[in-house]
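Please model the entire structure based on the sequences and the hints provided.
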Amino acid sequence: MKKILYTAVLGTMLVLGAGCSKTKLDLYPYNQVATEQAFVDQQAVTFDVNGMYQGLRASGSYYVGGIWNILGDVLADNLVLSQAGRQSQKTYYQWTYNSTSTYGLFTGGYTITRRANAILENIGGFTPGTFKNDAMGQALAVRGLVYFDMARAYSKIYVNAADADYTLPYVTTTSATNMPASEPLKGFYDKVIADLVQAEGLISATGSGVTNIRMNKQAVAGLLARVYLYKGDYTNCIAAATRAIGATPTASTIPSIALFPGIWTDATASDGAVLFKVKNTSLDNLNTQGVNYYQAVTGGIKSEYVVDYTFNSLFQATDVRKSSYISTSAYNGVMQNHIIKYAGRAGTPAGVVDGKAIRVAEVLLARMEAEYRNGAATIPAAVADLILLKSNRYTGYVSTVDAALTGTALLNEILLQRRLELAFEGDRFWDLKRLNQPVVRDAVHGENADGSGTPPSSTIATLAVGDFKFNLPYPQGELTFNPAIKQNPGYN
Amino acid sequence: MKKLLLVSLCFLLLCASQVFAQGKTITGTVTSKEDGLPLPGVSVKVVGTQIGTQTNANGVYSIAVPSTATKLRFSYVSFVQQDVAIGSSSKISVSLNPDAKALSEVVVVGYQTIARKDVVGAIANVDGKELEAKPIASFTQLLQGTAPGVQVVGASGRPGSNGVIRIRGTGSISAGSDPLIVVDGIQVQSAAYNAINPDDIESVSILKDAAAVSIYGSRGSNGVLVVTTKAGKPNAPQLRYSFRFGKTERQALKNVQLMSSAEKLQYEYEAQYTNPTLDSMMTNRGITATAQATGTKINWIPAATRQNLWDIAISRGAGDWAKYLFQTATMRTHEVSLSGGADKLTYYLSGNINDNPGVERFSQFNRKGGRLNVTYQAKEWFKVGTNIGVTATHDNRLRENYNTQNSGGALYFFNPYEQPYLNDGSYNSTWQGFSPLEGAVNNPVSYDRVNQFGSFYGEASFFKHLKLKSQYAINYNTLAYQTYLQPGSNLSNILGYSQKTDQNQTDFFSSITNTANWNQTVGKHSFNGLIGNEYDKDEFYNSTATARGFPSKNYTTLENAATPTVASTSRTQFSLISYFASLSYDYDKRYYVTGSFRRDGSSRFGADVRFANFSSIGLAWDLKNEKFWTLPSVISDLKLRGSYGTSGNNNIGEYQALGTYSLTSKYNDQTVAIPLKLSNPTLTWETTYQKDLGLTFGFLDSRITGEVDYYSRENKNLLYNVNVSTTTGFSSYVGNVGAVKNSGIELSLTGTVIRQKDFKWSLTANYSHNDNKVTALYSDNATGVSANGLNKLKIGEPINVFYLVNEKGVDPTDGREVYYNIDGTETKTFSGGQSQIQSGKSPNVKYYGTFGTDLSYKGVDLSVRLYYSGGNYIYNQIWMDEVSSSSVTGNLFTEASNYWKKPGDVTPYPRVIDPATGKPDPIQATENFSTKFLEKGDYVSLRDVTLGYTLKNKYTKKIGLVGGIRLFAQGTNLAIWTKFHGNPEVSEAGETTSYSGNLALYGYPPIRGYTFGIDVKF
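The listed protein sequences correspond, in order, to chains A and B. Counting from 1, position 126 in the first sequence corresponds to residue 126 in the numbering used here; the numbering is continuous, with no gaps. Counting from 1, position 872 in the second sequence corresponds to residue 872 in the numbering used here; the numbering is continuous, with no gaps.
Everything labelled a hint here was simulated from the structure, so no lab data went into it. Not one of these hints is a red herring.
Keeping only pairs whose Cα atoms sit at most 30 Å apart, straight-line, the calculated DSSO-like set for lysine-lysine is:
(1) B:Lys901 <-> B:Lys979
(2) A:Lys132 <-> B:Lys666
(3) B:Lys794 <-> A:Lys486
(4) A:Lys90 <-> B:Lys808
(5) B:Lys467 <-> A:Lys22
(6) A:Lys24 <-> B:Lys716
(7) B:Lys901 <-> A:Lys90
(8) A:Lys22 <-> B:Lys537
(9) B:Lys808 <-> A:Lys469
(10) A:Lys90 <-> B:Lys902
(11) B:Lys129 <-> B:Lys368
(12) B:Lys716 <-> A:Lys22
(13) B:Lys979 <-> B:Lys902
(14) A:Lys469 <-> B:Lys828
(15) B:Lys71 <-> B:Lys91
(16) A:Lys486 <-> B:Lys828
(17) B:Lys919 <-> A:Lys469
(18) B:Lys952 <-> B:Lys91
(19) B:Lys919 <-> A:Lys90
(20) A:Lys24 <-> B:Lys467
(21) B:Lys757 <-> B:Lys129
(22) B:Lys537 <-> A:Lys24
(23) B:Lys808 <-> B:Lys902
(24) A:Lys90 <-> B:Lys828
(25) B:Lys952 <-> B:Lys247
(26) B:Lys952 <-> B:Lys757
Right, dumping it as structure tokens:
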């Protein structure tokens, strides 16, 4: 009897497949949502907007977890390689990059802009109103921010460009089969500007819950000032800058000398000086910005790069930036000028600090330069802005000399202040490119504080104006796959 | 459960030993015809009745027989059964003939066991004895060289690390190419491979061709290893105890050596490099020097001062860092097993402890495990059985990153004149700013696993020819992973916090299998049919918690920490539904035909394309049994086999077909949604099409036996990334593109030179040749596996063919490296854009095999195995790094000194100093990725030498050691012959490379070792 029962049961199981319903193969992840579900409501879109900023933070090439805060410096004349370091970023320092070295800047950028594109593609169905406008505005702003940075790295600057010059494609779709082509550089800038202008109209202004850890109206205007400066559109640069920081920035946005160091430790009292920063919480725990420059080791700071000897001498003793940016201390018994701008907030974890993307001081510097270049009428305003900045940087500052500056002397002072202010923020190389100036490193002095050590060798001491290395090469993988994108001249 | 089984086992044993008391009593002794020794546990039965008994420890039996009894039947495993007529005498002693073929005659194949002689597919069988007793804790690594067609690379010397197994080459590009491993009917997850105790293994069947693997359908495309653990035999209990004691050490580097302190300091001086150690010594001593046009401080001080500093540095320095980073490790294993059985019950019970510290200091692996295999014939027609194995492993692991925190790297990166410890006993952080010794002690990483294998089955055989079986099997693995940045550690001081992460994973894999097996012989026609279904489900669950701020390193649980920072869980699942059938038929043991069919559905694929069908057909012709002719008597066995069929591969991550947004990241500690994957609803099975032609032969009364096979297998619709423009924000999605073909021959040969009762000598060899070739791709010339762009995927070339700039050598006139452009012109400017496909040169091993001999004389036995492997190329990055003058910050190979110094010098390495400036030449300082450091990976290893002595006679029996005592000494990798610079057996160095054998990087070094052991059988 049992025998028959067993046979019957087993036979049935065999025939019916042990109850193996095909639905048992329908398994879904627990930590993901289907792409179609990613824009179903306001909460979902809020998560998507957060995703753009997460991209800025996590990218290995951009603001917090990446090399962006050193790239523009290591390519230029602000730094000298410390021989005792790990020799990181050496391909940039030595200008030996080729089409396989710059993958991250390209793909990393498009990874972020794709997130913005997805929001813009899917936001259409939402009820018009503040939420929709702000989400759209943020997506346009982040896309403009990233595309502008990519264009700075890979291409000529608008002011120096010819109509025939091209740059990377301004992709606005999420289509996976898109094979976009190189675009005219000038048209690309115009698209960035159009996006940012639209964003400025849509996005919420700071205040009442809108903070500087997201793009906001003031930050977009500040970014526009930056882009207009690169375009050489000085009237618009001045106007945008004024929208961003006001005709005369207040004490909270241009903090006093006493509060200046607090910008670099994310102190609340100094936070007004930053229009947009990428948040890096203690849980995110990214110390890449500092590690790009040095590692703390037992018994001191082990720098990758230290301050170029000549550049260091341009920082006056009364300049609050000198003590905020640079620390002279011994590593292995040898004094060096280490860059401590990213040493971190008070307390632990060490070296974890927000990534400052747009600062009031930069917008002010852009405005004073634009005012200078815009013609005689605005030169007094340039001088006023210069004095405003310097009076909040130099202890015991007396404005008499600067008040009397005119012509090239005034421009040089503005550009010097720009270099000093934005030092070690990844700006210098793009600025030299914009100004059509060569990179000239101190080829006599080495990495030690007294100038001894190993100076850059003759092959890496200067990069002449017009050298093709000013424009980074596009990644070969992309060019191979998508021949519509043209490589920059000089790279094979 | 286990306890219950044990109790019932003991109870049943008691029952079985009861003896009927009636009628006439017959006594006698049963001995072995081979050596004349008495056999214990022989079953003695009265034919035609249920009456039976067993011989005792002295081979003596006593049985009461009814007057109607006519015959006694003596049966014993591995001996030929014998019937003896009952006469008038009350004493019957017999001597049984050993049945040499008894063990090798059955082969475990898919879902059933068949006779070796009926095998149609290409199946290699590895006896468990070949896996025993070596100082390697990993069953996968032990398979190296055991069978043709099975390539195993076991480069990492980390105890318990898995070998990389490839059956008939690498068939997949991005999906897994590992074979399926099935232990007692349950698929084993790779995390549990090293939990399998090699001593518990009875045999491993390696299924290679389509006829053999197709029954595993979906998972068979890269071959199948069917592992069977030991079962009890129906005779007297045998207790076995073994102890092994071994030593392992790091394999020495071949053909290269690191500089001594004096050599390195001299090199630095020539290279105008002042190292931080000497620099601070000069600073501390107030030694100053006037800067000169060339050189650095070390060049400017007086020679006597310099020598004095050097002498101090040499006397203080570590010298050979290996002394501090590595050790000779002592391995110990204890094992006890009890096996036996009675008429209705068999059991095998074992327990073992294996303690295996690695050759890297501070690493550790130990394993404790037990196994219980029981079968019980509950009814005449119904059998139940269970195989349960439980293993706990503890693994202290050191980092294997390509950086200074890895001991395998520190050996090269640290200078011999640097001190491991400062004078006050604290760790010296060296020029790297990090002490690996300190890191290993103060930042411990450990893996604690519990792996449980269990299968439970019922088997009903009735209607004479039909056998039904259902089995429920599980592989349940848990992992507790701990990584601790202890307070007070160097890293914790730098980062400003102490931190510990506790991760707990459970992986529950279960499988329900139902089969019906029909076996019938009608005249000369034999049929064997099998149908069945299977449902597999895997549930993976992970929880991770991290906290910072520990009061002291003595607190190791997170509850003591000040700030919890991560609390996270995650979960993934997959499932597989399968239906399968096979039918084998032979006519008169002459013509064989076998076919199989399987339909599989996997949760990993697109909803409409989850199911696929796989099938195979195999034919065989036994030419020896053929009636139309009579083969010369010199041929004792000759069988021709052929097969063709398909199998599948779904070894990719979960949910790849779905387009999704991930929610796992945060911004400002709030939820984010980011695009994770592009969808591909058409994602489906990778399919292997394989053909095989084989010949099994035996000559001279089977003195020479062997097998030769030709195969060709092509994996099509590869599960492989389909590129998209990176401007889309993605680089690829998983699709079905491309094909890879492996073809080759396999040969195994065994020759018995002497086969006498006390003296046996045999020679064995196997050889495998495999050609790997990409036959189709989505886009030709795609980037291969290496992040450095060293490899390509190109149609007509093997997977990951090397792609490098051709190097000519160093120009004797100016000491600069000369490269070739693609057009053949020479250049001294290195450009990665001039890289070329290095046709035919890839990390894929082309040939490998074993030569061996086995010799036994009386109680002494000797076995020797040479393993050889070659035809592959390895990019030797260690060599490149260690001869580049830009690596002067760390140690270098002595041959780095052989650089160009003056015009006319013919040297392998370029100039260090530019003669024009008298300063270091930064361009020549770095050796570039070129053919210069692409090396053949050929080697021969004295893989295994075992010398044993077995004491088995009446004296050992008298003291209860029925099975005797065996003493042995064994050596692993005692010698290696190669031209490679370093260690040629490179593999996936844990955390550094992703294609076996591609790069020589700084992984855990391979080992050599020896073992002494004793086996005692009671």
